[in-house]
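**Student:** Keeping the supplied structure of chain S fixed, place chain A upon it in accordance with the hints.
What follows is the residue order along each chain.
2 protein chains.
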Amino acid sequence: MTIVGPENADQARLLRLLRDGPRSRVELADAVGLPRARFTAEVDRLTAQGLVETAGPAASRGGRRSSLLRIAGQVRFGAVVVGDGRLDVALTDGELTVLARHGEPLDARVGPDAVVGRAVEVLGKLRAEAGLVRLAGVGVALPGPVAVRDGAPSVAPALPGWHQFPVRDTIAAELGCPVQVDNDANVMALGEQHAGTGRAFDDFLYVKLGNAIGSGLILGGALYRGAASGAGDVGHLQLTEDGPLCGCGQPGCLEAYCGDAALVRDAVTAARAGRSTALGDRLAAAGTLTMADVARAATGGDPVAQTLVRDAARRLGQVLVSLVSFVNPAIVIIGGAAPGIGPVLLAEIRSVVYRRSTPLATGSMPIVLSDLDDRAALVGAARLVSDQVFAAC
Amino acid sequence: MTIVGPENADQARLLRLLRDGPRSRVELADAVGLPRARFTAEVDRLTAQGLVETAGPAASRGGRRSSLLRIAGQVRFGAVVVGDGRLDVALTDGELTVLARHGEPLDARVGPDAVVGRAVEVLGKLRAEAGLVRLAGVGVALPGPVAVRDGAPSVAPALPGWHQFPVRDTIAAELGCPVQVDNDANVMALGEQHAGTGRAFDDFLYVKLGNAIGSGLILGGALYRGAASGAGDVGHLQLTEDGPLCGCGQPGCLEAYCGDAALVRDAVTAARAGRSTALGDRLAAAGTLTMADVARAATGGDPVAQTLVRDAARRLGQVLVSLVSFVNPAIVIIGGAAPGIGPVLLAEIRSVVYRRSTPLATGSMPIVLSDLDDRAALVGAARLVSDQVFAAC
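So the protein lines, in turn, are chains S and A. Per this note's numbering, residue 1 is the first one in the first sequence, and the count goes up by one each step. Per this note's numbering, residue 1001 is the first one in the second sequence, and the count goes up by one each step.
Chain S on its own, in the form it takes in the complex:
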């Protein structure tokens, strides 16, 4: 069921360019800078392999009308995102547009066999519904550090049983296509690069909020993973030596202060102590609180909830000052903020970062919220594996 891939570096470049959208033959030939005859031959070979097709005439730019080329309509990537208590699976086309998706509650702590098995099952279902399309590859996002070379999670305190489980090889063996696995923050950064605000920048920092906090670095136009694919792993930076205990077993981690679970924990404490009517009423009614409850209370004007959000944002801002000074990105994109709290979060983060960073690092650096919602991870997972599939052999 494997699909034919590019035969050489020029074909790979053509496919990557077309992944961003259709182009006229003339534009594409200019962009790759190949001699005309060579260009035609490579496009013909990609067409014969079912990877590229003609999409009709291009808009005229004067002179002879050029035809429009695009990734063949039959090319499909699979995307699997193992998230906070959820499994999301999608099929995309060769331009990484999500064509079909299925999401369901699933706690990754049930273990990798069950989760990976269910992901393969859902991919099979989506494929069948689409007429048994072939998959060119499947990208997988996992909620913790991943040893990318091994295609398996490395140390992940939040994911017992996943350590070194061969996620990539298991799915590849089941589906017979290339599979790439990375951590969710890196995958979302790739999604932003393909379809979000990051599209316009060669150097940006993506920060993923949620129960777990992580970041992804796009440097010089490519995902930067570091020497052991550990780059961006900032959730367990220690802010204080005597702070709240983190799920990783250490005190005072960024995540233990600013993760969703940490905010919910503090909100429950405040509600029980009678310090917030809004949170107290909700806790009494539902028996528990969620991040959505905290966000709703904050946007509704509850001062305790607002303080919780602002304190988290301030701490996040303090960490961002270091990171931004260190790598000097062109923009910071923040994803995963609970509904409604984005503006408060952003205002506080900006005030800390702009006050404390060096002018060279932040003189003109925007800090913005992602506008991709949960598609960031699905598009990013497709992008992840397409980078491998659309690479020269």
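Just so you know, these hints were derived from the structure itself, not from any lab. Fair warning: this is a prediction, and the values are worked out from it, not measured in the lab. Beta carbons are placed, not taken as given, at the ideal position from N, Cα and C, and that holds for glycine. Any given hint could be a false lead.
Stated by the list, open to error - Derived Cβ-Cβ restraints for the label pairs, each shown as a range:
#, chain 1, residue 1, chain 2, residue 2, range
1, A, Glu1241, S, Pro244, 48 to 58 angstroms
2, S, Arg16, A, Asp1113, 41 to 51 angstroms
3, A, Arg1134, S, Arg38, 36 to 46 angstroms
4, A, Thr1040, S, Arg16, 31 to 41 angstroms
5, S, Ser351, A, Gly1085, 31 to 41 angstroms
Unchecked claim - Example chain A residues on the side facing chain S (calculated, C-beta under 7 angstroms, incomplete):
#, residue
6, Ala1228
7, Gly1230
8, Val1234
9, Leu1237
10, Glu1241
11, Pro1244
12, Phe1326
13, Pro1329
14, Arg1356
**Tutor:** Using the frame of chain S, we list chain A on its own:
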């Protein structure tokens, strides 16, 4: 006086490979992967331009003996390093070996005209002594942030009068050759990459100690400067909001705790308060203390001096934890430590970093002292401009 440069990308690659040392024709042809005839033609053209020469027969690997190629012996780069109260100038050959150097005390606060003028003068003197060699280019290291695109210092509180002074264009106009300017930590990282421990690593973090603290990032085999050439600028990260006042006007900067001047300040305070006999005696004898005095007291067993060094190292380690978790380098190289205190410094930094970083980031990451002494900056400055000179037009 400009030298001819490479005419195309293949010639540039040949020159960069030879910059690392002589190679046999056979090896070099393999390394660049050019067809034999094309390879011969490019080498012939580089030879005709006086950039490459034959250095005699290569050691036999069996079969027909290949000849050894190298950068032509007449190629010279200039290196200018404006440092803590010093100006150092050198000439290197095309493999960036220092052939001649001159250093003198010079306070950069006298202003850019005087410093740049003196650097040009010393370069001229070294050139004359070497038989009026032509310079292929000059690399310049400055002790503060540099807007690399402009070839000029940006905000530098420690360097009044230097803001936006056209260092690159001034020297280029004087000498008629390409000039590249960058901050000293970046330049030293390049020196480590060329001639130091960094030579074996594609991803490393270089940390420069001294009055000013900075860092340079080699990522994926190249110096990473960030979106506005501000990457690595960590000296003014704020450790506490109520810490000692920094030269930049803000309280609690890393530099205000761990810079040489900060340690000397604390040592003087301790000496005056009678808390250290060693430091007190030295202060009484010399009327002042230097970082070398503090280092000597620490290595001599003075507990106050040792505590100062250890406290600085611990704080530096805490900052390194963030940086290392964030970019996941293969190794951290620390340069600029005062004589003798390296081992104490390193032990303390390691204990903090290994205790607090994620295993993926630091599982096998060495932290070592630079073994390049002050050649790091001179070799790095030559490397900086050679990257430009040995690039395709």
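**Student:** Each hint needs a verdict: does it hold in this structure or not?
**Tutor:** Hint-by-hint comparison with the structure:
For Glu1241 of chain A and Pro244 of chain S, the hinted distance range of 48 to 58 angstroms is not satisfied, since their beta carbons lie about 21 angstroms from each other. In this structure the supplied range 41 to 51 angstroms holds for Arg16 of chain S paired with Asp1113 of chain A, their Cβ-Cβ distance being about 49 angstroms. At about 40 angstroms, the beta-carbon gap between Arg1134 of chain A and Arg38 of chain S stays in the expected band of 36 to 46 angstroms. Between Thr1040 of chain A and Arg16 of chain S the C-beta distance comes to about 34 angstroms, which sits within the given range of 31 to 41 angstroms.
For the pair Ser351 of chain S and Gly1085 of chain A, the supplied restraint of 31 to 41 angstroms holds, since their beta-carbon distance comes to about 38 angstroms. Checking Ala1228 of chain A against chain S: minimum C-beta separation of about 6 angstroms stays under 7 angstroms; hint holds. Taking 7 angstroms as the C-beta cut-off, the interface hint given for Gly1230 of chain A holds, the closest approach to chain S being about 4 angstroms. A hinted interface residue such as Val1234 of chain A counts as satisfied when its beta carbon comes closer than 7 angstroms to some beta carbon of chain S; here the least separation is about 6 angstroms, so the hint holds.
Below 7 angstroms, beta-carbon pairs count as interface contacts, and Leu1237 of chain A has one with chain S at about 5 angstroms; its hint therefore holds. Taken as an interface hint, Glu1241 of chain A does not check out: its beta carbon lies about 9 angstroms from the nearest beta carbon of chain S, beyond 7 angstroms. The beta carbon of Pro1244 of chain A is not positioned within 7 angstroms of any beta carbon in chain S (closest approach about 16 angstroms), and the interface hint is therefore violated. Look at Phe1326 of chain A: its Cβ gets to within about 5 angstroms of chain S, closer than 7 angstroms, so that hint holds up.
A cut of 7 angstroms between beta carbons decides the hint on Pro1329 of chain A: the least distance to chain S is about 6 angstroms, and the hint holds. The beta carbon of Arg1356 of chain A comes within 5 angstroms of a beta carbon in chain S, closer than 7 angstroms, and the hint placing it at the interface holds.
When each numbered hint is compared with the structure, violations occur for hints 1, 10, 11.
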